[in-house]
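Please take these sequences and the hints and turn them into a complete structure.
In our numbering, the protein residues as written are 17 to 161.
Some hints here could point you the wrong way.
[Said to hold, decoys possible] Okay, derived cross-link-like pairs now, DMTMM-like style, lysine to aspartate or glutamate, Cα gap no bigger than 20 Å in a straight line: (1) Lys115 to Glu154; (2) Lys143 to Glu154; (3) Lys148 to Glu131; (4) Lys124 to Glu46; (5) Lys124 to Asp44; (6) Lys157 to Glu114; (7) Lys143 to Asp153; (8) Lys115 to Glu38.
Because the hints were derived from the structure by calculation, they are not lab data.
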Amino acid sequence: MTKALYILMISVAFTPITGLVEKYLFNDWEFLIYLFIMIAFDSLLGFLKNWKRKTLSSKAWGQVIFKLISYMSLLIVAHIFVSFRIGGVKVELFDWFEKLVLTSLMVKEGISIIENVGSINETWVPKWLLNKLKEFDETGKFKNK
Numbered sequence: 017m018t019k020a021l022y023i024l025m026i027s028v029a030f031t032p033i034t035g036l037v038e039k040y041l042f043n044d045w046e047f048l049i050y051l052f053i054m055i056a057f058d059s060l061l062g063f064l065k066n067w068k069r070k071t072l073s074s075k076a077w078g079q080v081i082f083k084l085i086s087y088m089s090l091l092i093v094a095h096i097f098v099s100f101r102i103g104g105v106k107v108e109l110f111d112w113f114e115k116l117v118l119t120s121l122m123v124k125e126g127i128s129i130i131e132n133v134g135s136i137n138e139t140w141v142p143k144w145l146l147n148k149l150k151e152f153d154e155t156g157k158f159k160n161k
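Encoded structure:
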């Protein structure tokens, strides 16, 4: 069997599964790439921070797995909230919810990255920047002063 035929057979087999995943679980693959990039950088910087402090531990990698499972659960809940239907009619009450969840995950990762960079070298991150992101993380708003 040729490689092209094998790939075609696999893609035909997975097409219905992909459709079900995108309809019922999650469909914003572009966002997922951004989130995975943030998680990867956060993990790398966390590793560097702990290496510098000589506190490396395999337990941290288990936390990354737990984070991925938790984030995946939040992404699925957010998608369901904006996609579910009652009597065939889309419920629009929670259209805001998905953006809020996705944004909060990015802010959480951004805060963690900035904290890790600041732990590696305190002069690299202005404290006001981290404070602004933490303020948004706590309140969902930026205060203009």
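Checked hints:
For the hint linking Lys115 to Glu154, the alpha-carbon distance of about 16 Å falls within 20 Å, and the restraint holds. Restraint check for Lys143 and Glu154: satisfied, since their Cα atoms lie roughly 16 Å apart, inside the 20 Å limit. For the hint linking Lys148 to Glu131, the alpha-carbon distance of about 13 Å falls within 20 Å, and the restraint holds. For the given pair, Lys124 sits about 18 Å from Glu46 by alpha-carbon distance, which is consistent with the 20 Å threshold.
Between Lys124 and Asp44 the CA atoms are separated by roughly 19 Å; this keeps the pair inside 20 Å, and the hint holds. Restraint check for Lys157 and Glu114: the C-alpha separation of about 17 Å stays at or below 20 Å, so the hint holds. Between Lys143 and Asp153 the alpha-carbon distance is near 15 Å, which keeps this suggested pair within the 20 Å criterion. Note on Lys115 and Glu38: the hinted pairing holds, with a Cα-Cα distance of about 17 Å set against a maximum of 20 Å.
Taken one by one, the earlier hints all hold for this structure without exception.
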